[in-house]
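**Q** Sequence:
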Amino acid sequence: MRSPETDSEHSDSDSESDPGATSTDSQSSGSGGVLHRRRSSQRADVLSLKAMAPRPNAGPGGWLCLLLPLALGVRLLHAQADGKDAARTQWLLTVSAGGMALETLCFFVYAFVKTGILVKCLVSLLPGVATSLSFYLLADSSLTFAVLVGFLMTSSYQQIYIYTLRGFEGSFTFGEASVFVQGLVLFAMSAVHRLCGFFCGGSWPTDEFETLNMIMVNALFWLLVFCLALVMFPSLRKPYRFYLWMVQLLLAVTCMPVTRPLPLMALIHFLLRDRNRLAILVFYLVLVALTCITVAWQIGSSAKANTRVRKIFHLLIVLVYIPGLVYECALLYLATGVAVAAFVVLELLRLLKIPPFADRLAEAFRSFKDEKDAGELALTPFCLLIGCSMPVWMTPSPCSGGDTLALLSGILAVGIGDTAASVVGSKLGRNKWARSSRSLEGTIAFVVSILLAVWLLEISGLVAMTQAKWFATVFAALNTALVEAFTDQVDNLVLPLIFYAIVGLA
Numbered sequence: 001m002r003s004p005e006t007d008s009e010h011s012d013s014d015s016e017s018d019p020g021a022t023s024t025d026s027q028s029s030g031s032g033g034v035l036h037r038r039r040s041s042q043r044a045d046v047l048s049l050k051a052m053a054p055r056p057n058a059g060p061g062g063w064l065c066l067l068l069p070l071a072l073g074v075r076l077l078h079a080q081a082d083g084k085d086a087a088r089t090q091w092l093l094t095v096s097a098g099g100m101a102l103e104t105l106c107f108f109v110y111a112f113v114k115t116g117i118l119v120k121c122l123v124s125l126l127p128g129v130a131t132s133l134s135f136y137l138l139a140d141s142s143l144t145f146a147v148l149v150g151f152l153m154t155s156s157y158q159q160i161y162i163y164t165l166r167g168f169e170g171s172f173t174f175g176e177a178s179v180f181v182q183g184l185v186l187f188a189m190s191a192v193h194r195l196c197g198f199f200c201g202g203s204w205p206t207d208e209f210e211t212l213n214m215i216m217v218n219a220l221f222w223l224l225v226f227c228l229a230l231v232m233f234p235s236l237r238k239p240y241r242f243y244l245w246m247v248q249l250l251l252a253v254t255c256m257p258v259t260r261p262l263p264l265m266a267l268i269h270f271l272l273r274d275r276n277r278l279a280i281l282v283f284y285l286v287l288v289a290l291t292c293i294t295v296a297w298q299i300g301s302s303a304k305a306n307t308r309v310r311k312i313f314h315l316l317i318v319l320v321y322i323p324g325l326v327y328e329c330a331l332l333y334l335a336t337g338v339a340v341a342a343f344v345v346l347e348l349l350r351l352l353k354i355p356p357f358a359d360r361l362a363e364a365f366r367s368f369k370d371e372k373d374a375g376e377l378a379l380t381p382f383c384l385l386i387g388c389s390m391p392v393w394m395t396p397s398p399c400s401g402g403d404t405l406a407l408l409s410g411i412l413a414v415g416i417g418d419t420a421a422s423v424v425g426s427k428l429g430r431n432k433w434a435r436s437s438r439s440l441e442g443t444i445a446f447v448v449s450i451l452l453a454v455w456l457l458e459i460s461g462l463v464a465m466t467q468a469k470w471f472a473t474v475f476a477a478l479n480t481a482l483v484e485a486f487t488d489q490v491d492n493l494v495l496p497l498i499f500y501a502i503v504g505l506a
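Quick note: the sequence shown uses full-length UniProt numbering, first residue 1, plus one each step.
Take these hints with a grain of salt, some might be off.
Said to hold, decoys possible - Calculated lysine-lysine pairs in the BS3-like style (CA-CA distance at most 25 Å, straight line):
(1) 238 <-> 353
(2) 311 <-> 238
(3) 304 <-> 353
(4) 304 <-> 427
(5) 369 <-> 304
(6) 304 <-> 238
(7) 353 <-> 369
(8) 311 <-> 432
(9) 427 <-> 369
Keep in mind the hints are simulated off the structure, nothing from the lab.
Given the sequences, and given the hints that come with them, work out the whole structure.
**A** See the structure below:
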């Protein structure tokens, strides 16, 4: 993880060694005009291909930038049923995601296509203009808000996207980085809007889910701020300062007056109030213990984990999400936030080599990494957590008894379908797809396992199915199975979004 200072030095050296960039700047000053110079001057060094290192042995995956806007757009079909405020928020999120997807496509044109100065100028301005107009016309926003947020968001997204590709060499493809940064920017926007609204005279959270949501958003937002501080101020990476700030962060997010009572007391009251909830919490803790035992056993064996061993984590996450979504949705929602925060902290300890945990975490990473963990980040397990959680996060009021099938999209696609495809394909796979290492038998197992799981959930009375939902489920299973068979992108990130978008049409 490189600091901005290192990035800027790298950029300067790239721009000095690239005569094409210099000639482009001179053409810009002669005929491009002030608007183009303003943006192209900051892009000339940043867009150098030498400064970016996407994940090797994988395609660019540019189409992935459309998945999050598509999934959010499908959710608009149900926006009115979620209430007026939720519908407006859904429009804002969808337009924002669409603007960032357009920024990604324009980035590809700007960086990889040889065009004239005028075209580059138009390409540079198009995402901000289109997003601003969409905010104004579709999201019922004022003109000032639309222009300010539209240009600020697309510009910020572009810079974070580029620095992600440069700072984490070999970790992401272009498409995977787009999904990751889109989600990060959308969360930051939502958190700032939520917290500013609260501290500027907003009302206290009224019901249980709103309280938990406020606690989780507040905690993850300040963890994000802490991560940015680590990038900007390297002195914070010293062990004693790191642990000191982590303790202060923990105290702040548990005692900050964003709920009534304070978050710590609200959490204790929530966890202890219901006996069934406490039982599921104990069950979750047992699963965490089993996970730790599995990791310790694999490290002790001094052998690299094979695919079947890694799929154990898929089964464990199925055991977390299905009981949680069916019986204790609010607890599961809270657990997803805690899991993300814990994973980020563990990754910080490993990447920054903070004793005494760094060496053990590095051993675990080396033992379980696969070919898609080519960079510094433990991308595959993180995407497993994110992919299974995104349907819950993207659905307004997921615990209000709405569409359980959509909430299970990540579990069905990754936890069940992908696991079945991997196990059956490795054991019985004989007929390979053309230009793919995946087998036809694995793809069939992917579809059958999902349909069987949904059928079992229906006859158990846990999921309500209609004819339209069954049609959407079959169509989603077939499409995600084909994507799993042919894509070289991270399955854990891609498949849940595709499945969620399709079943959301029902």
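**Q** Return the numbers of the hints above that this structure violates; sort them in rising order.
**A** Violated: hints 2, 6.
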